[in-house]
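Build the complex: two chains, separate frames, hints provided.
Heads up: the sequence lines are chains F and C, in that order. Counted the way our numbering counts, the first sequence spans residues 1 to 177. Counted the way our numbering counts, the second sequence spans residues 1001 to 1645.
It should be emphasised that the hints constitute simulated quantities derived from the structure, not laboratory data. Errors might be hidden in some of the hints.
Unchecked claim - Here are the simulated lysine to any residue pairs, SDA-like style, with alpha carbons at most 20 angstroms apart: (1) C/K1486 <-> F/Y64; (2) C/K1340 <-> F/R27; (3) F/K106 <-> C/K1534.
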Amino acid sequence: MNQELTTEEQAALKNIAAKLSTFERQRGNLIPVLQMIQEEIAYLPPETLKMVAEHLGIFECEVYGVATFYNQFRFRPPGKHPIKVCLGTACHVRAGDIILENFERKLEISEGETTPDREFSIERVACVGCCAMAPVAIIGETVHGQMAPSKVEGLLMRIEIEKEMEEREKQKNESGR
Amino acid sequence: MSPADNEKLDQVFSAIREEAEKRRKAFREAPVPKIHIGMATCGIASGALETKKAFEETLAERNIEALIHPVGCIGHCYAEPVVIIDHPDSGFPPIFYHEVTAGKAKMLVKLFLEEGDPRFEHILGATVENDLIPSVMEFSRFNQEKRVVMEKCGYIDPEDIYDYIAEGGYSMLVKVLQLTPDKIIKEVRNSGLRGRGGAGFPTGKKWELAMHAEGQIKIVICNADEGDPGAYMDRTILESNPHQVLEGMAICAYAVGANKAVVYIRAEYPLAVKIVTKAIQQAKELGLLGKGILSSTFDLEIDVFRGSGAFVCGEETALIRSIEGYRGMPRHRPPYPVEKGLWGHPTVINNVKTLASVPPILENGATWFRGIGTENSPGTAIFSVVGNVVHAGLVEIPMGVTLRTLIFDICGGILNKKKFRAVQIGGPSGGCLPADLLDTPIDFDSLTEAGAMMGSGGMVVMDEDTCMVDVARYFLDFTQKESCGKCTFCRIGTHHLLRILERLTKGEGQDKDLEQLESLSEDIKTGSLCGLGKTAPNPALTSLKYFRDEYEAHVKEKRCPALMCRSLIAYYFDLDLCARGCDACATCCPVEAVFTTSNRKKGVDQELCVKCGECMVACPPEYDAVRKVSPSNLVPVVERAPEKK
Chain F
1 MNQELTTEEQ AALKNIAAKL STFERQRGNL IPVLQMIQEE IAYLPPETLK
51 MVAEHLGIFE CEVYGVATFY NQFRFRPPGK HPIKVCLGTA CHVRAGDIIL
101 ENFERKLEIS EGETTPDREF SIERVACVGC CAMAPVAIIG ETVHGQMAPS
151 KVEGLLMRIE IEKEMEEREK QKNESGR
Chain C
1001 MSPADNEKLD QVFSAIREEA EKRRKAFREA PVPKIHIGMA TCGIASGALE
1051 TKKAFEETLA ERNIEALIHP VGCIGHCYAE PVVIIDHPDS GFPPIFYHEV
1101 TAGKAKMLVK LFLEEGDPRF EHILGATVEN DLIPSVMEFS RFNQEKRVVM
1151 EKCGYIDPED IYDYIAEGGY SMLVKVLQLT PDKIIKEVRN SGLRGRGGAG
1201 FPTGKKWELA MHAEGQIKIV ICNADEGDPG AYMDRTILES NPHQVLEGMA
1251 ICAYAVGANK AVVYIRAEYP LAVKIVTKAI QQAKELGLLG KGILSSTFDL
1301 EIDVFRGSGA FVCGEETALI RSIEGYRGMP RHRPPYPVEK GLWGHPTVIN
1351 NVKTLASVPP ILENGATWFR GIGTENSPGT AIFSVVGNVV HAGLVEIPMG
1401 VTLRTLIFDI CGGILNKKKF RAVQIGGPSG GCLPADLLDT PIDFDSLTEA
1451 GAMMGSGGMV VMDEDTCMVD VARYFLDFTQ KESCGKCTFC RIGTHHLLRI
1501 LERLTKGEGQ DKDLEQLESL SEDIKTGSLC GLGKTAPNPA LTSLKYFRDE
1551 YEAHVKEKRC PALMCRSLIA YYFDLDLCAR GCDACATCCP VEAVFTTSNR
1601 KKGVDQELCV KCGECMVACP PEYDAVRKVS PSNLVPVVER APEKK
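With the rest of the complex left out, here is chain C (with noise of 0.2 angstroms):
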């Protein structure tokens, strides 16, 4: 492009940046406070919505003005629903505020807004430095985090495109489209960026690739088909900041050559379908997307598709099937979708978060990126951390993190004080790694040769509760149902690993199975076309590894050491400590199993029992009366059941 030009984008683009800058100052100046509330699927799924009509309905009735600012995901889970009022007239400084529902939302209306009480006991903290209210800064969940991909996530509005703007965004893809594609890719390859969907390719070697690649018509699809259970950052990112990641789509668009992408979606996520749709109607109407992006010569198109529900279409070639029309079966690579994918044309593929990680790369520069993470893995990473963990959520750190710091320092350890049993790590495609294995250090490499993998990210922490096989036989059972038939090893080698597993879960394991196990994991894993079924054996494999004496217990002694495997335990009470009259287990018993004992004390009718273990946690804590045996055979016979009439 001619310097000419060159002026020209800069005017049209500063015009933008000036509406958006004003629009920021207009809100930040308004003399009236500010209420902040996540408003992505999981804020909304703790009751946002509820709180946001609370505080609307609160501050009409007492006449109050303030502003009501719905933002995205913060990634603080477990505090949901999250607020941040901002209330400069109280003298105090913006103040986080957790799991504040609808009444408390009333509450802080009255007493903060009104009265100027900040109401010291439901702070989280404060989001600034100051000398009044301890920032949130000071806790480790957030300083030890290192935002790159979601630093505006939870600040700004999703739904509004000049917020981004405000905040830098979319000033990337205005630098970009002054330079020539060969600086961009070299600037990514330096970066050493590498995607972020689990596999770990280079970036800048894809992108360089596709730019090479012989073809009129180029494609870049955004792969958002975030299938492992357990992982939902694509969705949050989606959710919270849509546009820096279509502004990555643009770049990497413009870098390859490309005037078509696609932005796949599982239809699991309809609202993350929503606010994208949304986002590429505003940068249209903006100019920054469509014919003639700010009126240069670049034009670029972006569709949403909506996946259907299918875990490999996750896989690139199976994902482009998809999109064609067809059953998303993968295909044998070469040809790689760089050279023939979409409909034949040069695909790239690229996972959301790399595609993300892209605007902050070129804002602040390739070294700057190799500054964070460790060599071979430069970056950040999100990890989707749940399963029974005090701080769950979404954290993002620098690679290289313990998974020890990430679990105990960052996330707060286990719930209710109980041990660390095993960490799984990438889904059903990862492995499940043991305690003696914390201080692996969490990059592509370190991960991989622990015998997990970093997959999408998602992190499900187990507590001693947690039996292994049975969390092995969850992720086959998933993997099972998920293979597309195309390869027999993993159409019915997966199943017969099923079996296997089943078998041990419900205590009718044989010698050999265990063998048979891992000789079958091995012939999987060499015997199929994608990664699907090259690493559904992981989690059998890994955990028959670091656990092995808990699958013998499985097979020699019918015994499930963690009692979660429901064939092998029974339920019974301590009459000892069974308090007479009491009738809270009773009560709550959905199969009315809980019969009372002539000394009218409490007694399990085996044969009727589901093993549910809601009598456990019934059973008010003064008493504690209810225990868990296993093998189910010891346990002790105090009374028979009566006859039901």
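Only chain F is shown next, with the shape it has when bound in the complex (with noise of 0.2 angstroms):
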């Protein structure tokens, strides 16, 4: 938990800190706050907790608490790519933890953790609501229904693919000026 935050990070606590003041000092705004948070920096940072128990008057220990109840919530910071692998009973029917397994095999890492890269994070969540279409997983905002164990590779590799041809473009940008 205890990650240095990037400047980048920094700079959205200054932001955080700003809408933080727009909310009305009540309990029922702690969740509404957190999710906006979450919005804002994709994890929440120890920091924002404390932040958060100030602005509300309530001790850090029960807005860690509430957050930790939730399973919205994360603590670390989630890849550049998240994959979220569907488990809901349709898709555990049709094999999904198989999927599941795939993608922790080629990122080395599992679930609920992110690459040291930062580039992708594995999670499992309970039901997308595309059900017929299990086996779901979701990278980034993209639904990739009817997976399959060989499919993973290949969305893998387009990712890395991708990388590859943006930072060539980059590149050949800066040259060309």
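In structure tokens form, the structure reads like this:
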């Protein structure tokens, strides 16, 4: 949990502090506030929990207690390409766990973790509501239905290739200038 | 309210209604083709956005004028992305196309809109009776359904309030505002509507209690925290027709005397949150919500609260705690929320489907509603039928239809001509019913009697390749993770149940495990406070009751009859069938466990194999050489794998 904040994140913290002041000092705002922070910075760094506690006038441990109760909140920064593997009933019946395992094996991390380069993270979700397309995996915002273990490699490769293409494009632009 | 006010009410609303009808008429009578695209989450997941883009681009490219009408979900998920093209000039009726990918969209623009050829091979059916194309109503997937709640889903644009009003929306709210609350509640009571969240508490009674409850402030909550894996009808309704739910909420609020309402939606449904927020905004702008609704004296503020992904928050008292900003732990009832709910005020909590049923009930009358379904469970039930079934998706049927009709007639039976093994109803709190019980009618009481429950309406159909022990383990894994930890039996008991089931699926089961499973399940049921704990052992109990032989095979023979438990199975290649030189399986194996034998056929390195079954899928059907066996020691060893370098 004790990771150094990047400069971007420190800027986001300032932004959060500003937004925080628009929320009324009410206990009922606790969850909306936490959701707001996670939208800004993608996870809940320890610093933000302190800020929330101070703003709402409750103990930090209370904030932590609520945040850990709900599955939505993360305490580790997710990867640039968060991977969510659905393990709802329909996906389970159609072997969603094998898909999860394949992602874990390919990226060499287990669910709930982020790769050291912060590119990928893997999460399991209970149901994304696309049961007719099981098994389902979500990478970033895109839902991939009818997954198969062999598709995993292809999807990851596509992201790698896209990244390389982007970099090449960037280099081209820079040299062109 | 005095009659003078009523007049004014009608006046204000009829202006809105006229505007809606004008817009509808302009759309309908526009002399260009209309393209309706299903754009709910499931449609988008199947590529509806690309389809829409393809339509737009090709239309612009070819200089064809057409109106694109984004609609919600019609519930036929197997056919997504779904497109209806209404091209009056072609002489064809509106046509229902299924699986319209971007490529198909381009083709349809060119061939149908431009040249007038509707491409019969891609048609699902016409939407109306006609002489040219069979209507979709000739399919049992359409004609055996009875749509009450979802009637307008998939036909109107959820982001346009006028679309709903033109279909008669909000007119019930206007009617209700001219009645006394007693009358409304009486009508709802007479309809016999029961809560669609799963427990089946009579809605009219709940409203009545709330109306009589003491308190200055009263609150209505719409429970859209649909946490059951495998159920997604609430999401679909909110994404396809949010205004019907809002109208239901407004009617409920007026009847019980509430001025504040909350829609509690799971954060996992971002599109639903967006659409409902927009719908509330639109309704406010037209004066259908907010202060002084339609110039009457009735105020109602509706807020959206996003749930944060805790299954237990579907339970009403936990849901309230979560809105209050605490850990979502259920508390003791009584006092029930209708007496002391959110912030201590009397609160009515109704499911999305319950609230969405209210406007049609008031429109058609309680007697009409009673005429649908069975005596004790009037109305319709919405199921999300998923799993190994041909026509998966949302089905709204009258209560009392049997499971067999639903699964085999309406949804087309089991995929790939496999055999039916079980159907799991009601998510983690429900049970697995075997083939013998397929003739059980679907209603609250019959399902409970059979050991399952209505729950939120998730229905997962399982074929012969599904291991019931593993399914029970899966559900226990879910409930154990989601237990809030308040009651000891739920917190620790589910953990032990899970441990036992895990042992069984790994082939480490002991003889006494089955008895312990049963007795512990009973203890958890009695020792838990809320529905989660009380029903958590159901999947294990019902599968043990109906599929005991499978459990025994796991314990005694270390064998998984369905060949699903991965610790108990092994893959091998039938060398008589395996083709020399074919590498299909070897290239797809994610762990490189397939090796080439000395006579250039294939073998499986059992130590490396993760049993994903990809080789079985990859093996060309003309060879079909991959075999699965259980217990795993039955695998014939032909040749040892070569040492890896």
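We went through each hint and held it up to the structure:
no.: 1; hint: C/K1486 <-> F/Y64; in the structure: holds (18 angstroms)
no.: 2; hint: C/K1340 <-> F/R27; in the structure: holds (18 angstroms)
no.: 3; hint: F/K106 <-> C/K1534; in the structure: violated (40 angstroms)
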